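Participant: Top to bottom, those sequences are chains C and V.
In terms of my numbering, the first sequence opens at residue 1 and continues consecutively.
In terms of my numbering, the second sequence opens at residue 1 and continues consecutively.
Please note that the accuracy of each hint is not assured.
Output of the computed footprint for chain C on chain V, the stretches with three or more beta carbons under 8 Å from beta carbons of chain C [stated by the list, open to error]:
1) 37-47
2) 161-170
Far from chain V by the CB rule (all over 10 Å, computed), these chain C residues [unchecked claim]:
3) Ala13
4) Thr31
5) Val34
6) His36
7) Thr39
8) Ser49
9) Gly64
10) Val99
Don't read these hints as lab results, they were simulated from the structure.
Remember, it's a predicted structure, so these values are computed and weren't measured experimentally.
We treat Cβ as the ideally placed atom computed from N, Cα and C, and that holds for glycine.
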Amino acid sequence: MITIDYYGLAAAAMATSFLALLMLSYVRKRTLSVWHALTIGAVAGFAASMAQSYTGLIDWLTLGITGVSTSATLFVLGMGAMCAVMVYNILATRGKTAVR
Amino acid sequence: MGRIISQKNKSKVIRAFRAPSAPVVMSLMALILIIGAPALVSMIDDSAQSEHMIPLGSYTEDDLSAPWVRKMVDAPADADMTFSYISGADNGGTHVFTLNTLANKAYVNAIEGIKIDNSVFDGGVSRVILSFDGSDVLDVRLVTSIPGESYSYVRFVEILDADGVGTNVFVCDLDSYQLTKIKANDLSPGIAIGFNGGFSGVFEMTSETYASTTIPYGEIIVGATGVLLIVCAILATPWVGTTGLTIRRRR
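With the rest of the complex left out, here is chain V:
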C-alpha cells in the first residue's frame, strides 16, 4: 500500500510498493510448487471424472491371480476354508467363488488375491465397476504395490439406489497417483473383497472397465515441478542468483 505525504503544494509518493526480497520470493515459490503441484493434480482428478468414457468390457485376469480366504480372528484353526473358484476368463466374464464347507461361511472375513492384469491399465482404463451377486459385500479395495516395496489401496464406492440402499455394485475411479503407480511397474493390482457376516458361501462377480483418453497430466505436472524446484535450488545457492552468476575472486 502506498503512503502519500503532502508537502505544501506538491504531493510526493514516498513508497508505492515494496517488492519482496529474493529469498522471500524463492522460498514462497518453493512452497507453492511443493504444495501446489500435487494439489493441482488432485483438483484436475476431481474435476476430470469424464462422462465420455469408453466401455471396454470385463477386465483381463492376471495369470498369477490366486484367490485366498482371510479368516475371521475367531475362526477355529482346523476350520475347512477351501473353496472352488471359476475364473471369469473361463466363464464368460463371471467369476464364481464357492466355499467347500458352507457351514464355515461365517468365518470368511475377506477374499483377496484376485488380480487384474496390469496391461488393462496400460490400455487407458481408469474406472472399474464390480457387481456382486449371492453375498452381501461390505467393501472392495484395489490394492496396488511396487515390487518389494510399499503397497497402498483405493476403496471402491458402493452405488446406492434411489432409497439410499446399497446395490452390491461398486465403482472405483483411479486417480493420477494410483494410475502412475500401477503403470510404473509390472505388478498387477489385486482386489480385496470384504464381508461383514454377509458371505453366504457363494458369490458371483462381474466386471466392467472404462477408459478415457486423457494425457498423463499428473506425471507431467509433478515432473515439471521437480525440474522447477531444481532450478529454484540452484538460484537459492550463494553462487547463482536471479541477476546472474557470482564469481568470487581470490585476492
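With the rest of the complex left out, here is chain C:
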C-alpha cells in the first residue's frame, strides 16, 4: 500500500508516460487529435494502475526516484532513458516512429 505523495505521483506519471509512448509507437496515424491523446493517456494510466496492482511497478519506481536503492534507481534510469529516446524519435521523425 503506497501513500500519495510527490514521489508516488512522479512514479505513476513516469509509468503512464512510458506506456503511452509505447502505445504511440504502434499508432500509424500521423496526426493525432486531443481526443486521441486523451484516449491513449487514459488507457496507459489504466494499464499502469493494473501493473501497480499486480506487480508493484509504481512502488519500485518510487523507490528508485527517491534514490535510496541502487537497483531501483537503475530501473528508473533505464525507463527514463527509454522514454527520452522515444520522445526524441517522435520529434525527430515528426511523429512517424517512436522506436527505430
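Go by the hints and put chain V onto chain C.
Facilitator: Here is chain V on its own, set in the frame of chain C:
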C-alpha cells in the same frame, strides 16, 4: 503461418514466417522488461514463503521508539490519554501498555510509534509475528518510510483458528520491495495497532521474528532489468542498432 501455393508439379513456400521488425521487437522487449521484472519478483515472493525459516526470538526495539495514542474523532479535547508503557526490552520480551484513565479507553483508536530496530531486518528477518493479550486488536500495520520522503505500510494478517475465529495473533511476511525499502535506509519501521472499540485499557504484546537465507533476488532482477533497459534505449536510438554503429558522413 506459412502459405503454400502449388504451381503445377512443384510446391513453393512463398512466405514461411515474417520476422517482426526491429522497432516492434525493441518496444515489446521494453514492455516485457518493465512489466515483467516486478511481476517476476512478485511471483517469486509469493512462491518463496519458505517453511525453512529460522526463529530469532523477539525483535529488538529501536531506541527512538515512542508510543503514542491516536484518538477517536469524537474524543473530547481534554480527555486524559496518557499511558504507561513497559518496553519488551525491560520485561522479558513482553510489551505492556496501560492507559492511565481507563474510563477513556473507548476513545483509543490506535497505538502507533512502537518501532522495530532496523538492524533486525539487516539480520535477514522477513517474517514478524505479534501476539496480543488483554485487548481485541482490529488490525496491525508495519509502517516503513524513507527519511523525509514517502511512507508506506504493509498489513499484518490475523491467524484464524479452526472455526475461523481470530486468535489475536498477527503475522507479516515482508516482500522484496518492503525489505529493500527497510534495508535501504536507517529509519526503523513502526508498528501501528488499530482497535475498533476492542481496547480494554491495557494490552500485552509479544513478538517472534523469523529469518530465511535468501539472496536479494528482487534487487538483482530489478537492477539487471534497469541495465537491460538502458541497453534497449541505446539500441532504439537512430545511431546505434542491432547491426552495429551507424556513422553519418558529411558531404
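Participant: Hints first: check each against the structure and report whether it holds.
Facilitator: Hints, one by one, checked against the model:
no.	hint	result
1	37-47	holds (count 5)
2	161-170	violated (count 0)
3	Ala13	holds, 15 Å
4	Thr31	holds, 20 Å
5	Val34	holds, 24 Å
6	His36	holds, 18 Å
7	Thr39	holds, 19 Å
8	Ser49	holds, 13 Å
9	Gly64	violated, 8 Å
10	Val99	violated, 4 Å
Going down the numbered hints, you'll see the structure goes against 2, 9, 10, while the others check out.
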